[in-house]
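Participant: The listed protein sequences correspond, in order, to chains S and C. Everything in the first sequence is counted per the numbering used here, starting at 1 for the first residue and increasing by one. Everything in the second sequence is counted per the numbering used here, starting at 1 for the first residue and increasing by one.
To be clear, the hints were calculated from the coordinates, so they are not data collected in a lab. Just to be clear, a hint being listed does not mean it is correct.
Pairwise CB distance ranges, derived in the manner of DEER restraints [said to hold, decoys possible]:
#1 C/D55 <-> S/D244: 36 to 44 Å
#2 C/N2 <-> S/A365: 40 to 48 Å
#3 C/W514 <-> S/A365: 41 to 49 Å
#4 S/T275 <-> C/V61: 51 to 59 Å
#5 S/S405 <-> C/Q417: 52 to 60 Å
#6 S/A302 <-> C/G230: 38 to 46 Å
#7 S/P400 <-> C/G419: 53 to 61 Å
#8 S/S338 <-> C/N584: 56 to 64 Å
#9 S/T275 <-> C/T145: 42 to 50 Å
So the derived list for chain C, only partly shown, Cβ under 8 Å to chain S, looks like this [to be verified]:
#10 T46
#11 G230
#12 P261
#13 Q265
Cβ coordinates follow ideal geometry from the N, Cα and C atoms, glycine included.
Now for the letters of each chain:
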Amino acid sequence: MARNLLRTALRTCMRGGLLLSAVTFLAHGAKAQDGGTDAQVERGRYVAIAGDCLACHTAPGGKPFAGGLDLKTPFGIITASNITSDRETGIGSWTQQQFERAVRHGRSPDRYLYPAMPYTAYVKITDADIADLWAYIRTIPAVSNRVVTNRLRFPYNIRTLLIGWNMLFFDRSAFTPDTSRSAQVNRGAYLVEGLEHCGTCHTTKNAFGGDTRATYQGTSLQGWYAPDLSNNTHTGLGGWSADDIVTYLRAGTNRHTASSGPMTETIENSTQHLTEADLQAIAAYFKSLPQRTVTVPAPLRASNRQMMAGAREFAVQCSACHVSNGAGIANMIPTLQSNPAVNAPNPDSLINIVLRGTDGPVTTANPTGAAMPSFGWKLHDDQIANILTYIRNSMGNAAPAVLTSDVGRARKAIDAQQVVWH
Amino acid sequence: MNYKRPKADVVIVGLGWSGSTMAEELTRAGLKVVAIERGAWRDTSTSFPTTRDPDELSGSVRKDILQAPVTETYTVRNKVGQTALPMRKYHNLTLGNNVGGAGTHWAGASWRWLPFDHQPYSHVMQRYGAGQLVDGLILQDWGVTYNDLEPFYDRFEKIAGTSGTAGVINGQRQPGGNPFEGSRTSPYPTPALERSRANVLFAEAATRLGYHPFPVPSAMIGAPYKNALGLNLAPCTYCGYCQLYGCGNWSKSSPNICILPVLMQRPNFTVVTECEVIRINTTPDRKTATGVTFVDSDGNIGEQPADIVITATFTLDNTRLLLLSGISTPYDVASGQGVVGRAFTFQTLSWGFMFFENEYLNPFMNTGALATQIDDFNGDNFDHTGLGFIGGAGIQSLSNQGLPIGMAGLLPQGSPQWGKGWKQAFRKGYQNYAQIQGQGTSFAHREQFLDLDPTYKDRFGQPLLRITFDYNENDRRSGRFIRDKCVEIAREMGATQVGGDSFADRPYSGYTPWDSSHVQGGVVMGEDPRTSVQNRFQQNWDVHNLFVIGASSFPNNAGYNPTVVVGATTLWTAKAIRDLYLKNPGPLVRL
Numbered sequence: 001m002a003r004n005l006l007r008t009a010l011r012t013c014m015r016g017g018l019l020l021s022a023v024t025f026l027a028h029g030a031k032a033q034d035g036g037t038d039a040q041v042e043r044g045r046y047v048a049i050a051g052d053c054l055a056c057h058t059a060p061g062g063k064p065f066a067g068g069l070d071l072k073t074p075f076g077i078i079t080a081s082n083i084t085s086d087r088e089t090g091i092g093s094w095t096q097q098q099f100e101r102a103v104r105h106g107r108s109p110d111r112y113l114y115p116a117m118p119y120t121a122y123v124k125i126t127d128a129d130i131a132d133l134w135a136y137i138r139t140i141p142a143v144s145n146r147v148v149t150n151r152l153r154f155p156y157n158i159r160t161l162l163i164g165w166n167m168l169f170f171d172r173s174a175f176t177p178d179t180s181r182s183a184q185v186n187r188g189a190y191l192v193e194g195l196e197h198c199g200t201c202h203t204t205k206n207a208f209g210g211d212t213r214a215t216y217q218g219t220s221l222q223g224w225y226a227p228d229l230s231n232n233t234h235t236g237l238g239g240w241s242a243d244d245i246v247t248y249l250r251a252g253t254n255r256h257t258a259s260s261g262p263m264t265e266t267i268e269n270s271t272q273h274l275t276e277a278d279l280q281a282i283a284a285y286f287k288s289l290p291q292r293t294v295t296v297p298a299p300l301r302a303s304n305r306q307m308m309a310g311a312r313e314f315a316v317q318c319s320a321c322h323v324s325n326g327a328g329i330a331n332m333i334p335t336l337q338s339n340p341a342v343n344a345p346n347p348d349s350l351i352n353i354v355l356r357g358t359d360g361p362v363t364t365a366n367p368t369g370a371a372m373p374s375f376g377w378k379l380h381d382d383q384i385a386n387i388l389t390y391i392r393n394s395m396g397n398a399a400p401a402v403l404t405s406d407v408g409r410a411r412k413a414i415d416a417q418q419v420v421w422h
Numbered sequence: 001m002n003y004k005r006p007k008a009d010v011v012i013v014g015l016g017w018s019g020s021t022m023a024e025e026l027t028r029a030g031l032k033v034v035a036i037e038r039g040a041w042r043d044t045s046t047s048f049p050t051t052r053d054p055d056e057l058s059g060s061v062r063k064d065i066l067q068a069p070v071t072e073t074y075t076v077r078n079k080v081g082q083t084a085l086p087m088r089k090y091h092n093l094t095l096g097n098n099v100g101g102a103g104t105h106w107a108g109a110s111w112r113w114l115p116f117d118h119q120p121y122s123h124v125m126q127r128y129g130a131g132q133l134v135d136g137l138i139l140q141d142w143g144v145t146y147n148d149l150e151p152f153y154d155r156f157e158k159i160a161g162t163s164g165t166a167g168v169i170n171g172q173r174q175p176g177g178n179p180f181e182g183s184r185t186s187p188y189p190t191p192a193l194e195r196s197r198a199n200v201l202f203a204e205a206a207t208r209l210g211y212h213p214f215p216v217p218s219a220m221i222g223a224p225y226k227n228a229l230g231l232n233l234a235p236c237t238y239c240g241y242c243q244l245y246g247c248g249n250w251s252k253s254s255p256n257i258c259i260l261p262v263l264m265q266r267p268n269f270t271v272v273t274e275c276e277v278i279r280i281n282t283t284p285d286r287k288t289a290t291g292v293t294f295v296d297s298d299g300n301i302g303e304q305p306a307d308i309v310i311t312a313t314f315t316l317d318n319t320r321l322l323l324l325s326g327i328s329t330p331y332d333v334a335s336g337q338g339v340v341g342r343a344f345t346f347q348t349l350s351w352g353f354m355f356f357e358n359e360y361l362n363p364f365m366n367t368g369a370l371a372t373q374i375d376d377f378n379g380d381n382f383d384h385t386g387l388g389f390i391g392g393a394g395i396q397s398l399s400n401q402g403l404p405i406g407m408a409g410l411l412p413q414g415s416p417q418w419g420k421g422w423k424q425a426f427r428k429g430y431q432n433y434a435q436i437q438g439q440g441t442s443f444a445h446r447e448q449f450l451d452l453d454p455t456y457k458d459r460f461g462q463p464l465l466r467i468t469f470d471y472n473e474n475d476r477r478s479g480r481f482i483r484d485k486c487v488e489i490a491r492e493m494g495a496t497q498v499g500g501d502s503f504a505d506r507p508y509s510g511y512t513p514w515d516s517s518h519v520q521g522g523v524v525m526g527e528d529p530r531t532s533v534q535n536r537f538q539q540n541w542d543v544h545n546l547f548v549i550g551a552s553s554f555p556n557n558a559g560y561n562p563t564v565v566v567g568a569t570t571l572w573t574a575k576a577i578r579d580l581y582l583k584n585p586g587p588l589v590r591l
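The task is simple: from the sequences and hints, build the whole structure.
Facilitator: Set out below in structure tokens:
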């Protein structure tokens with residue numbers, strides 16, 4: 001159960017209109033009301049951006065932070081709560097202590113929160129940041145919007161089950177700087193492990209949804225594969241420079257790739273607004289992770305049946321944009337050459353992107369927004385399987401073949417369009 | 001239901017190249033801008049996805065991307081005294097019908113005009129005298145020179161990512177470029193396109209004849225490029241679906257690719273789509289514009305008040321809007337007085353058509369503006385003494401078509417018209433057909449003008465615009481001269497069958513295949529309110545807060561395509577509004 005609930009922490013709705021309203025609101029909405037100074041509110045606003053609170057606590061087209069985004073799970077729907085200062089339907093009656101307990105420990109005044117709220121990561125947030133965040137949250141105009149957060153089926157609707165889950169899987173330890181490492185790396189670790197809660201998606205979970213020791217090694221959630229961020233060149237960030245990481249988190253694109261899926265929203269709402277120093281810190285942290293050895297499979301031979309068919313399809317369907325040799329266009333169209341995302345052990349994201357397409361990132365640094373078009377209506381399961389198998393075993397890549405049945409299952413699971421001819 | 005929208009600082013009518021360029025400048029200056037566009041929203045990735053194969057039948061043949069004449073059209077006649085009839089099919093007018101305007105579906109030729117083209121009157125008077133002009137020809141300077149416009153040409157190219165090979169940079173000749181061009185301050189943003197086989201044959205023949213071939217500057221991007229607004233463009237793939245198609249490959253400069261993604265991020269910008277502006281509103285004394293009135297897609301009448309009104313619609317509609325709004329004095333052909341609708345020009349086309357015997361021209365690899373040109377007979381680049389005309393043409397090998405339906409009729413003379421013989425002839429003809437276009441100048445004439453039609457009305461009950469146009473003697477003389485040059489080069493290229501044509505030898509018709517789509521003038525800019533509607537900043541002489549931008553401001557047409565000049569003059573006017581007008585609203589030119 002909890003594993004699936006954790007999956008729902010992904011923002012599965014692409015909400016194109018949100019960026020503008022969010023930016024506008026965050027730029028103009030904050031006025032200190034009680035307690036916090038302007039500077040503190042401003043710091044808190046930044047903490048909220050880094051924590052990407054808006055992403056879940058705003059419904060598509062809804063008022064900022066007034067809740068209402070449905071996180072769909074196989075057990076029912078969890079809806080993000082109203083965290084505006086409305087006393088009746090929001091958190092206007094809370095104290096800072098109650099707020100702190102909810103954010104860092106998953107306990108609201110009257111109930112246990114589901115770990116769809118990433119308190120397992122937010123527990124790392126410092127007291128100072130919590131205080132600033134609270135000062136900012138207090139400035140959010142009250143919006144009366146009653147949200148029924150728990151629409152799960154029995155027995156998952158019994159929140160006290162979370163007592164046990166927390167005992168097993170919730171590491172309550174605060175963030176402790178590692179004095180053997182630079183202040184920059186420590187700042188990066190704090191952001192990655194805490195506010196940005198990267199592990200919520202990128203760390204493999206155990207059967208109960210708790211984090212495994214495979215930290216940032218990539219995992220599948222809701223039709224996507226959140227890629228390996230560990231330090232290896234085959235599937236991880238080993239081939240990216242610190243600048244590549246900074247550029248990606250700032251622009252949504254870099255010389256290698258362009259973001260897709262839920263990460264695009266994270267970049268648009270959160271990381272693009274971080275300071276240069278914080279992005280550099282995040283990059284330094286990832287570059288400081290120990291080298292990880294992954295087993296690189298032998299690529300399939302070019303004479304393989306799927307490979308030959310895939311090569312033909314690639315020339316027809318893919319080469320115009322990704323270029324004949326797969327090099328792509330920097331800051332726009334991902335290169336397919338020696339691409340760690342292409343080498344991912346699990347092809348969920350690749351299948352998803354081909355079937356449904358994906359919006360291009362639209363950021364201040366790169367507003368282009370070049371999208372990957374959907375091929376679900378056009379290509380049969382075997383064609384997609386062949387293309388992906390070919391890409392995953394040519395151009396410097398090596399990864400298991402994609403089966404026709406993989407694509408068929410994904411087409412159903414993510415509700416992709418059926419082919420319009422036979 | 002009638003309604004009034006909140007007042008804006010600026011209302012822009014039409015969101016094509018000129019409207020979006022202006023909107024970008026003015027929103028960046030902090031103004032609240034509302035653009036009203038007749039067509040629907042179009043987005044590069046979702047409206048023109050590369051997964052969809054373009055369809056020649058719906059695109060090139062049925063022209064689905066254009067505004068259909070059944071919705072709104074123009075009436076046409078050749079001369080005063082005739083009854084004008086509505087155009088029932090757009091053959092050589094290509095009106096956009098979407099956000100991005102004609103800039104979405106254009107072919108992409110991206111020219112700066114010659115210094116001569118901006119000051120034709122001064123130049124001709126100085127070099128030849130008034131005797132060079134045929135009777136009735138209208139020739140006047142723009143009030144803005146090439147040198148004035150150079151920084152804005154430069155900026156627009158860097159928005160568009162124009163590909164090409166520079167000919168003159170800071171006065172220095174550059175190898176491979178156009179030696180006749182006005183001096184540039186920087187090279188083209190992206191390198192010139194690869195030449196087609198036909199382009200190569202043309203360049204070789206032109207060189208042997210002593211001419212100076214160069215690649216035509218193009219909206220098809222020559223290399224990955226980050227434009228002046230921070231948007232990324234991808235290099236062209238030569239798929240050949242440019243003219244009458246939107247580019248989903250981010251490879252053809254358009255408002256949709258080069259400007260709108262940035263504009264749409266700005267909270268002080270609003271676009272209202274599928275609303276047609278029917279009138280510019282003014283104060284009763286007609287000294288100040290107060291906004292515009294539009295009809296929305298539900299048939300409701302809306303009003304958009306604004307402090308500044310900018311109309312950036314299709315050339316002909318700019319003129320029509322002024323006439324419908326009673327702004328400035330309409331041109332009267334009998335007396336030659338009045339200005340709105342005066343100085344209307346088209347384009348004088350000549351052609352050389354040719355067939356080779358055993359070539360492989362591979363025309364399927366093309367772009368809308370894949371061309372190699374000589375300017376040896378363009379503008380005033382050659383001595384016109386004794387020729388009896390002014391102007392000329394850019395003469396180009398144009399590789400802009402390779403689609404099967406369009407090519408099906410292009411067979412050598414004497415080919416079978418059906419069956420196996422036709423198929424064989426088509427197979428051979430497809431690889432052996434080439435063309436040379438002479439894209440000629442057009443100068444205004446006192447009997448070429450635009451006014452409101454006395455008979456035909458649009459769906460809102462407003463009079464259609466009437467075009468009174470025929471080629472004048474200057475066109476006929478220059479057209480034949482250029483046709484002969486096209487034929488000369490075609491022969492030198494080694495073609496076995498060569499034909500030539502000068503369209504100006506026949507009366508103008510809107511239905512001529514292969515004809516130009518360029519119309520200019522009607523709301524021209526200039527130095528004298530008796531012969532121009534607007535001053536050198538495209539500001540109305542009478543209504544100081546009205547700016548009409550686009551090719552309607554050009555008193556003459558050059559031997560080129562007009563889009564980049566539209567961009568440059570728009571940027572020029574935007575700077576005047578930003579730096580001069582906002583500080584001191586009122587006439588920017590006082591006489």
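Participant: Hint by hint, say whether it matches the structure.
Facilitator: To see whether the hints hold, each was checked on the structure:
Taking the beta carbon of each, C/D55 and S/D244 are about 40 Å apart, inside 36 to 44 Å as hinted. The beta-carbon spacing between C/N2 and S/A365, approximately 43 Å, falls within the hinted interval of 40 to 48 Å. Between C/W514 and S/A365 the CB atoms are about 45 Å apart, so this pair conforms to the stated range of 41 to 49 Å. Between S/T275 and C/V61 the Cβ separation comes to about 55 Å, which falls inside the hinted range of 51 to 59 Å.
Take S/S405 and C/Q417: their Cβ atoms lie about 54 Å apart, and the range 52 to 60 Å holds. S/A302 and C/G230 have their C-beta atoms about 40 Å apart, which keeps the hinted 38 to 46 Å range intact. The supplied range of 53 to 61 Å is met by S/P400 and C/G419, whose beta-carbon atoms lie about 54 Å from each other. A hinted range of 56 to 64 Å holds for the C-beta pair S/S338 and C/N584, which are about 60 Å apart.
Distance hint check: the CB atoms of S/T275 and C/T145 are about 47 Å apart, consistent with the given range 42 to 50 Å. Satisfaction of the interface hint for C/T46 is found here, the shortest Cβ-Cβ separation to chain S being roughly 7 Å, below the 8 Å cut-off. Among the interface hints, the one on C/G230 holds; its C-beta lies about 6 Å from the nearest C-beta in chain S, closer than the 8 Å criterion. Given the 8 Å rule on beta carbons, the hint for C/P261 holds: about 5 Å separates it from the nearest Cβ of chain S.
Taking 8 Å as the C-beta contact cut-off toward chain S, the hint placing C/Q265 at the interface holds, the least distance being around 6 Å.
Violation of the numbered hints given earlier is absent; every hint is satisfied by the structure.
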